[in-house]
Amino acid sequence: MTEAIWSRGGGGDCIRLTGLPAGADVRVFPGTAVPTVSLPPMAGRLERDGADLCFVPRFAFLDGMSYTVTVEGTSAAVLVRPRPERPATTEVTGIRPTAGEVPVNLLRFYVWFSAPMSEGYAAGQVRLARDDGSIIAGTLLPTEHELWDGSRRRLTVLLDPARIKRGLPSHQEAGYPLRSGKPFRLVVGEGFRDAQGLPLRHSAERRFEVGDEERRHVDPVSWELAVPPAGTCEPLQVIFGRPLDHGLLARCLHVRGPGGELVDGTARIGPGEQSWQLVPSRAWASTVHQLVVEPVLEDLAGNSVSRVFDRDLTRSEDQSRPARPVTIAFHPG
Amino acid sequence: MGEFRLEPGRVSLRSAGPITFGPAGILFMADNAAATVFAVDVADPGPAGGAEPFDLEDVDARVGSFLGCGPGDITIKDMAVHPLSHNVYLSVQRGHGDAAQPVLMRISVADGAIDDVPLDEVPFAAVAIGDAPGEDDERLDTTLPLGDEGEEMQFGTLKIRLLRQPIRTATVTDMAYAGGALLIAGLSNEEFSSKLRRIPFPFSAGIVGSSLEIFHVSHGKWETAAPIRAFVPYDGGASVLASYTCTPVVHFRLADLTDGAKAVGRTVAELGPVNQPLDMVSFVQDGEEYLLVANSAHGLVKIACRDIDSQSPLTEPQQPVGVPRETKDLQGIRRLANLGGSYVLALQSDDAGRQHLRSLKTASL
Numbered sequence: 001m002t003e004a005i006w007s008r009g010g011g012g013d014c015i016r017l018t019g020l021p022a023g024a025d026v027r028v029f030p031g032t033a034v035p036t037v038s039l040p041p042m043a044g045r046l047e048r049d050g051a052d053l054c055f056v057p058r059f060a061f062l063d064g065m066s067y068t069v070t071v072e073g074t075s076a077a078v079l080v081r082p083r084p085e086r087p088a089t090t091e092v093t094g095i096r097p098t099a100g101e102v103p104v105n106l107l108r109f110y111v112w113f114s115a116p117m118s119e120g121y122a123a124g125q126v127r128l129a130r131d132d133g134s135i136i137a138g139t140l141l142p143t144e145h146e147l148w149d150g151s152r153r154r155l156t157v158l159l160d161p162a163r164i165k166r167g168l169p170s171h172q173e174a175g176y177p178l179r180s181g182k183p184f185r186l187v188v189g190e191g192f193r194d195a196q197g198l199p200l201r202h203s204a205e206r207r208f209e210v211g212d213e214e215r216r217h218v219d220p221v222s223w224e225l226a227v228p229p230a231g232t233c234e235p236l237q238v239i240f241g242r243p244l245d246h247g248l249l250a251r252c253l254h255v256r257g258p259g260g261e262l263v264d265g266t267a268r269i270g271p272g273e274q275s276w277q278l279v280p281s282r283a284w285a286s287t288v289h290q291l292v293v294e295p296v297l298e299d300l301a302g303n304s305v306s307r308v309f310d311r312d313l314t315r316s317e318d319q320s321r322p323a324r325p326v327t328i329a330f331h332p333g
Numbered sequence: 001m002g003e004f005r006l007e008p009g010r011v012s013l014r015s016a017g018p019i020t021f022g023p024a025g026i027l028f029m030a031d032n033a034a035a036t037v038f039a040v041d042v043a044d045p046g047p048a049g050g051a052e053p054f055d056l057e058d059v060d061a062r063v064g065s066f067l068g069c070g071p072g073d074i075t076i077k078d079m080a081v082h083p084l085s086h087n088v089y090l091s092v093q094r095g096h097g098d099a100a101q102p103v104l105m106r107i108s109v110a111d112g113a114i115d116d117v118p119l120d121e122v123p124f125a126a127v128a129i130g131d132a133p134g135e136d137d138e139r140l141d142t143t144l145p146l147g148d149e150g151e152e153m154q155f156g157t158l159k160i161r162l163l164r165q166p167i168r169t170a171t172v173t174d175m176a177y178a179g180g181a182l183l184i185a186g187l188s189n190e191e192f193s194s195k196l197r198r199i200p201f202p203f204s205a206g207i208v209g210s211s212l213e214i215f216h217v218s219h220g221k222w223e224t225a226a227p228i229r230a231f232v233p234y235d236g237g238a239s240v241l242a243s244y245t246c247t248p249v250v251h252f253r254l255a256d257l258t259d260g261a262k263a264v265g266r267t268v269a270e271l272g273p274v275n276q277p278l279d280m281v282s283f284v285q286d287g288e289e290y291l292l293v294a295n296s297a298h299g300l301v302k303i304a305c306r307d308i309d310s311q312s313p314l315t316e317p318q319q320p321v322g323v324p325r326e327t328k329d330l331q332g333i334r335r336l337a338n339l340g341g342s343y344v345l346a347l348q349s350d351d352a353g354r355q356h357l358r359s360l361k362t363a364s365l
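Keeping their order, the protein sequence lines are chains A and B. Sequence positions in the first sequence follow this note's numbering and run 1 to 333. Sequence positions in the second sequence follow this note's numbering and run 1 to 365.
Partial chain B-side listing against chain A, Cβ under 8 Å, derived:
1. R62
2. C69
3. G70
4. D73
5. H96
6. Q165
7. L187
8. G272
No wet-lab data here; the hints were simulated from the structure. Glycine residues also receive a C-beta, built at the ideal position from the N, C-alpha and C atoms.
Given the sequences, and given the hints that come with them, work out the whole structure.
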C-alpha cells in the first residue's frame with residue numbers, strides 16, 4: 001500500500017512515498033485526478049531516502065494546489081498543498097490625479113498600493129463606472145503589458161488613446177472615453193491580488209467631474225511663481241493654472257542656483273496637482289535662481305511642454321517646441 | 001560564440017517578457033522587471049527542421065502540467081521558433097506575485113516533448129534597456145523584501161533590509177533583430193511617447209544604442225506619436241511596419257532614422273476601433289513578401305509588402321482605408337513566428353480560453 005505525504009527532502013519540499021516496490025513508475029500531476037488527455041508529468045526527480053522515495057519538484061509546489069501521484073499509471077494519492085491563512089492587509093493608498101475635474105481627453109491614472117502587487121489583475125479589477133454604478137466599457141487601454149513601477153506598488157492605467165486621438169476611426173465612431181459634464185469613478189476592485197496572492201482589504205475609488213478638452217502645450221512661461229524672501233527657508237511656490245501629471249511632476253521640476261548647482265530641498269506637489277513647491281534645505285541666497293522644467297512634463301491629457309498630444313497641422317500654435325528644458329528665472333527678494 | 005561576445009554564466013531572469021531569435025540561434029530575452037535584454041546561446045539540441053507543420057493542442061495545459069500548476073497559473077508572454085531546428089520557445093511566467101517565476105520553455109517539433117531551458121550556465125550577454133534615469137530622477141520606492149534582496153541598513157541598533165526600486169520603468173512590448181541591431185519597442189509607465197531603441201549587436205559595454213521617436217500623421221491632419229505595440233522588419237530589414245497602441249499601421253525605412261532627427265512614418269492602414277495589435281510576421285508566398293498582423297478584434301490581417309510601398313499616406317478617415325488587406329477567418333491568434341518557409345506558427349486561444357499551437361501553411365494564407 002503506497003502512502004504519500006508532504007515532507008522535506010532533496011533540499012526542499014517534497015512528496016514522500018512509502019511502500020513502493022523498487023523501480024516503480026511514479027509521476028506527479030497538478031490537479032485532483034489523473035489527466036484524461038496526455039499531459040507531461042510535473043518536472044522533478046525521485047530520490048531514495050532510506051526505504052522511502054521522495055519526489056523533489058524542479059519548480060516549487062504552489063500553495064493551495066492539488067497534486068495527484070500516480071504509480072504505474074494509476075492514481076495512488078491526491079495531496080493538497082496548504083494555503084497559509086492570512087488576513088488581507090493591502091489597500092489602495094492613492095489614486096492620481098486628485099484634481100476634482102479632469103479634461104474629457106484625460107489620458108492616464110496612477111494607482112498606488114500599500115504593498116507590492118501581483119500582475120495580471122489590472123484588466124479585470126480596474127474600471128470606470130458611472131454614478132449609478134454601471135461600468136463604462138471600452139474606456140481603458142486593453143494591454144497585455146501592465147505598467148508597474150519597479151516595486152509593483154504603482155500601476156499606470158491608460159485610457160484608450162485610439163479614442164482620444166483625433167482623426168482615428170475609434171475616436172470618430174465611439175468618441176472620447178469620457179463625456180464632458182458626466183461624472184465618473186475610477187474603481188479598483190478588492191479582487192486585485194497583492195504579491196502574496198491576497199485580495200485587497202476593500203475596494204477603492206475616486207470620483208471625477210469631467211470638463212472640456214485640453215489641447216494646449218504645457219506652458220511654463222504662464223505659470224505663477226510666489227518667490228520667497230532671501231535669507232529664509234520659505235517655499236518657492238509654482239502655480240500651473242491646470243493640473244499636471246503627478247508621476248512626471250515628481251521628476252521634471254528642479255531649481256538651480258546661480259552657479260547651475262541643484263538647490264537641495266523638499267519638493268511637494270500641491271492639491272489637485274495644480275501647484276508645486278520647494279522648501280530649500282538652506283536659506284535662499286539673494287541672487288537669480290532658475291526653475292528648470294523638463295520638456296517631457298505632461299498635463300492630464302498627455303500634452304507636454306514640447307508638444308501637444310496630437311498636433312493639428314493647420315494650427316501654428318500646435319507646432320512642436322524645442323525638446324529642451326525651459327528655464328524660468330526668479331530672484332528671492 | 002566569441003564573435004558575439006557571449007560569456008558563460010547564470011542568466012538571472014526576474015520576469016518573462018518578449019523573446020526573438022537573432023543571428024546564429026541566439027535568443028534575445030527581454031526582462032522588464034530587471035530592465036535588461038539578455039542575448040543567450042540556447043544550445044538548441046535539435047537537428048535541422050524540415051518543411052513539416054507542427055501543431056500542439058492545449059499547449060498551456062501541457063506547459064502548466066510540466067511546471068506543476070494549472071493553465072490559469074501560467075502566462076505565455078511570447079513565442080519564438082528556432083531558425084534552424086524549428087523547435088518552439090515559449091517565454092512563460094509561472095505563478096503570480098512573489099511566487100512568480102520566469103521560465104524559458106522549449107517544445108521539440110520532432111515529438112512535442114516539453115522541457116525547460118536551463119539558464120544556470122549558458123553563454124550570454126546583457127544590455128540595460130530602461131530609459132536611463134536622468135541625474136534628476138533619483139526616485140526610488142523603498143519596500144521591505146521577503147528574501148535576501150536589497151541592502152541591509154543600520155538604524156541605531158536595528159538592522160533592516162530594504163529594497164529600493166526605480167519608480168520610472170520602461171516595458172518592452174516587442175523586439176526584432178535587423179541589420180546588425182536589436183530593435184526594441186516599449187512603453188513608459190510615465191510619459192506617452194513612441195520610442196524605438198536600436199542597440200547594435202554584439203552588445204558593447206557603454207553602448208546603450210539610440211532611441212528614436214517615429215511620428216505618424218492621421219489622415220493628413222493630425223501628427224502624433226504613440227507607443228509602438230508590435231512591429232516587423234521586412235524587405236531584408238530595410239523597412240519596418242509598426243502598429244501603434246492607437247491602431248494606425250505605419251511604415252518607415254530604417255535608413256531614414258537618424259539620431260536626433262524627427263522621423264515621420266507613413267500611415268498605411270488602420271486596424272480600427274476597439275482593437276489592439278498583438279504580433280506581426282513576414283512570409284513569402286509565390287516569391288512575394290507579405291505581412292500578417294495578429295490583433296485583438298479581428299482575424300489575421302494579411303498585407304502585401306508591394307502594396308505598402310505604393311500606398312500613399314492616408315487622408316480619408318472613413319473605411320475602407322489604406323493598403324488592400326485581407327482579413328483571414330483565423331481568430332484568437334496572439335503570437336506569430338515563422339516555422340521555416342512553408343508555415344507560420346500561431347499561438348491561438350479558442351473560445352474556452354484554451355491555447356494551441358497551429359501551423360498555417362504559407363501557400364494557403
